[in-house]
Amino acid sequence: MLAERGLEVSYETVRRWVLKVGPAFARNLRRLRPRSTDIRHLDERVVSIQGNRMYLGRAVDSEGEILEVLVQPRRDKAAALKLIRKLLKKQGYAPIVLVTDKPGSYGAAQRELGLSAHHERGLRKNNRAESSHQVVRRREWKMQGFKSAESAQRFLSLHCAAYNAFYLQRHLISRRTLHLFRAETANQWQIATAAA
10 MLAERGLEVS
20 YETVRRWVLK
30 VGPAFARNLR
40 RLRPRSTDIR
50 HLDERVVSIQ
60 GNRMYLGRAV
70 DSEGEILEVL
80 VQPRRDKAAA
90 LKLIRKLLKK
100 QGYAPIVLVT
110 DKPGSYGAAQ
120 RELGLSAHHE
130 RGLRKNNRAE
140 SSHQVVRRRE
150 WKMQGFKSAE
160 SAQRFLSLHC
170 AAYNAFYLQR
180 HLISRRTLHL
190 FRAETANQWQ
200 IATAAA
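Take any residue in the sequence shown, note its place counting from 1, add 9, and you have its number in our numbering.
These are calculated hints, taken from the structure and not from any lab test.
Treat the hints loosely; a few may be bogus.
With a straight-line Cα cutoff of 27 Å, these simulated DSS-like cross-link-like pairs (lysine-lysine) come out [to be verified]:
1. K86 to K29
2. K134 to K29
3. K95 to K134
Label pairs and their computed distance ranges (CB to CB) [claimed, not checked]:
4. G123 to L16: 21 to 27 Å
5. V106 to S19: 42 to 48 Å
6. R42 to K111: 14 to 20 Å
7. K134 to T202: 36 to 42 Å
8. H188 to W26: 43 to 49 Å
Owing to the predicted nature of the structure, the values given are computational and were not obtained by experimental measurement.
All C-beta atoms, glycine included, are put in the ideal place defined by N, C-alpha and C.
Kindly produce the complete structure, drawing on both the sequences and the hints.
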């Protein structure tokens, strides 16, 4: 937005600006998104933050849209409960199908919450969530790692909302449709940034 107006600013100014208005932009972008599908892919990956091993839990729908990101110190039933509760609160409805890899923590969390969703577990069934980690790996590498769990959580929640708005599976659609989707995305961005 600043480049469009011909303004040059330092990285620190941009960082402070993102911390101040970023959550409002992310909230508005999420509000403008259509309802996600009823299939949830849950997965986690290890992230090293200041030499400590942390787990980045993610929830992705069947179309690849990132629904929730949560950085936690453990990978157990309590962590799975926290991720699923946060997802249910943000989405407002329960999924029909939960797809996870082998850990039993998601099944235990599902039973404790009393979800009636069909739980699919398997080695390669969760590839949708596994491939969604690539976006975070790229950002983590460019940022030379995350400095703290709090900053990682804050950054990833903002980054995922913007990523979802601009992520288009261009290999699946025609050029004309791609131009229409990009125009719609630019319009949503204008609305989200003007309202904040």
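Q: Mind checking the hinted window 21 to 27 Å against the Cβ distance between G123 and L16?
A: Roughly 53 Å apart at Cβ, these two residues miss the hinted range, so it is violated.
Q) Is K134 close enough to K29, meaning Cα to Cα at most 27 Å? A) Violated, because 39 Å separates the two Cα atoms, which is more than 27 Å.
Q: Measure nothing beyond the straight line between the CA atoms of K86 and K29; if it is 27 Å or shorter, mark the hint as holding.
A: Violated, because 34 Å separates the two Cα atoms, which is more than 27 Å.
Q. Measuring from beta carbon to beta carbon, are H188 and W26 in 43 to 49 Å?
A. At 30 Å between Cβs, range violated.
Q.
Tell me if the straight-line CA distance from K95 to K134 falls inside 27 Å.
A. 23 Å, holds
Q. Between R42 and K111, does the C-beta distance stay in 14 to 20 Å?
A. 31 Å, violated
Q. Given a hinted range of 36 to 42 Å, is it respected by the beta-carbon distance of K134 and T202?
A. Cβ of K134 to Cβ of T202: about 38 Å, so the range 36 to 42 Å holds.
Q | Supplied distance hint 42 to 48 Å, evaluated on CB atoms of V106 and S19 | A | Check passed, 47 Å falls within 42 to 48 Å.
In summary, the numbered hints that this structure violates are 1, 2, 4, 6, 8.
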